[in-house]
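K.L.:
Sequence:
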Amino acid sequence: MLYKFLNDMLGILRLRYQAASEYRYTLPVILAVILLMGFIEASKMSYILGSGDGVIAYAVLFTATRCLLMCSVMRFMLQQPNQPKQNLCGFVLASEALSIPSLAVLYIPTLAALGLFWQIWTFGAQYNGFMKLSGHSSTKVLVGYIAYAIAMILASSVLMLMFIQVDWLDAQHINDAIGPALERFETILKTK
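Going by the numbering used here, the sequence shown wraps up at 318, each residue one higher than the last.
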């Protein structure tokens with residue numbers, strides 16, 4: 127089943143899409159991919175959130191929430207009239223997993239330009255895939271992404287507040303990490 131998942135990822139990367147019902151995976155594959163993407167997300171967030179088990183748990187839940195929200199929002203936004211809703215969860219998981227190789231940029235910063243190209247390509251492949259699977263225009267997919275972004279900001283904020291409330295994330299560390307960036311932003315705004 128993992129071979130099928132990797133093959134589907136490669137197909138999405140090459141802009142060769144299947145029907146939405148073909149992107150079906152077993153529970154162990156889904157959990158393994160969510161955990162791997164969550165661990166990668168934890169390493170990306172470590173500068174702002176710090177380190178520890180709470181950060182890893184937050185990143186894994188953040189990743190699972192991200193995939194579920196994208197699946198739900200896109201399924202709702204891209205539904206064809208008088209047609210049953212498509213299950214886009216498998217496609218979302220396979221296309222989101224294309225971000226896994228971007229982990230190399232964290233350890234080899236000279237790959238930043240290649241990593242940026244990779245992220246742009248995988249986003250474009252996912253965007254194009256939503257258009258092909260749903261039969262909708264790019265505008266409708268863009269509206270879906272905007273709705274997803276709003277929902278994700280709200281969900282991740284609630285999730286972060288919950289983790290701060292139970293002391294799994296350190297609010298002081300987050301403020302110390304974000305504070306200098308906000309001060310620089312305020313300085314830029316004042317100079318204009």
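Since the hints were made in silico from the structure, they are not lab data.
All values derive from a computational prediction rather than experimental measurement.
One or more of the hints may lead you astray.
[As the list claims (entries may be wrong)] Dumping the calculated DSS-like pairs for lysine-lysine here, alpha-carbon to alpha-carbon at most 30 Å:
#	residue 1	residue 2
1	K211	K266
2	K316	K266
3	K258	K130
4	K130	K170
5	K211	K258
[What the hints assert, rightly or not] Across the chosen pairs, the derived CB separations fall in these ranges:
#	residue 1	residue 2	range
6	N133	I300	18 to 24 Å
7	T265	G305	37 to 43 Å
8	I174	N133	33 to 39 Å
9	N133	D302	23 to 29 Å
10	N133	F243	30 to 36 Å
11	S198	L157	26 to 32 Å
12	T152	G178	27 to 33 Å
13	I314	L237	24 to 30 Å
14	A238	N213	24 to 30 Å
All C-beta atoms, glycine included, are put in the ideal place defined by N, C-alpha and C.
K.L.:
Against each hint, give a clear statement of whether it holds in the structure.
P.N.:
For each hint, the structure was consulted:
Annotation: proposed proximity of K211 to K266 holds, straight-line Cα distance about 16 Å (limit 30 Å). A C-alpha spacing of about 37 Å is found between K316 and K266, which places the hinted pair above 30 Å, so the restraint is violated. With a C-alpha separation of about 20 Å, the suggested pair K258 and K130 falls inside the 30 Å cut-off, and the hint holds. Under the criterion of a C-alpha separation no larger than 30 Å, the hint pairing K130 with K170 is consistent with the structure, at around 28 Å.
Restraint check: the Cα-Cα separation between K211 and K258 comes to about 15 Å, which is no more than 30 Å; the hinted pair holds. For the pair N133 and I300, the beta carbons lie near 40 Å from each other, so the given range of 18 to 24 Å is not met. A hinted range of 37 to 43 Å holds for the C-beta pair T265 and G305, which are about 39 Å apart. The supplied range of 33 to 39 Å is met by I174 and N133, whose beta-carbon atoms lie about 35 Å from each other.
Roughly 45 Å separates the CB atoms of N133 and D302, a value that falls outside the hinted 23 to 29 Å. For the hinted restraint 30 to 36 Å between N133 and F243, the CB-CB distance of approximately 23 Å leaves it violated. Restraint check, S198 to L157: a C-beta distance of roughly 19 Å breaks the suggested window 26 to 32 Å. With their beta carbons about 31 Å apart, T152 and G178 fall inside the hinted range of 27 to 33 Å.
At roughly 29 Å, the beta-carbon separation of I314 and L237 lies within the given 24 to 30 Å, and the hint holds. At about 36 Å, the beta-carbon gap between A238 and N213 misses the expected band of 24 to 30 Å.
Of the numbered hints given earlier, the model fails hints 2, 6, 9, 10, 11 and 14; all others are met.
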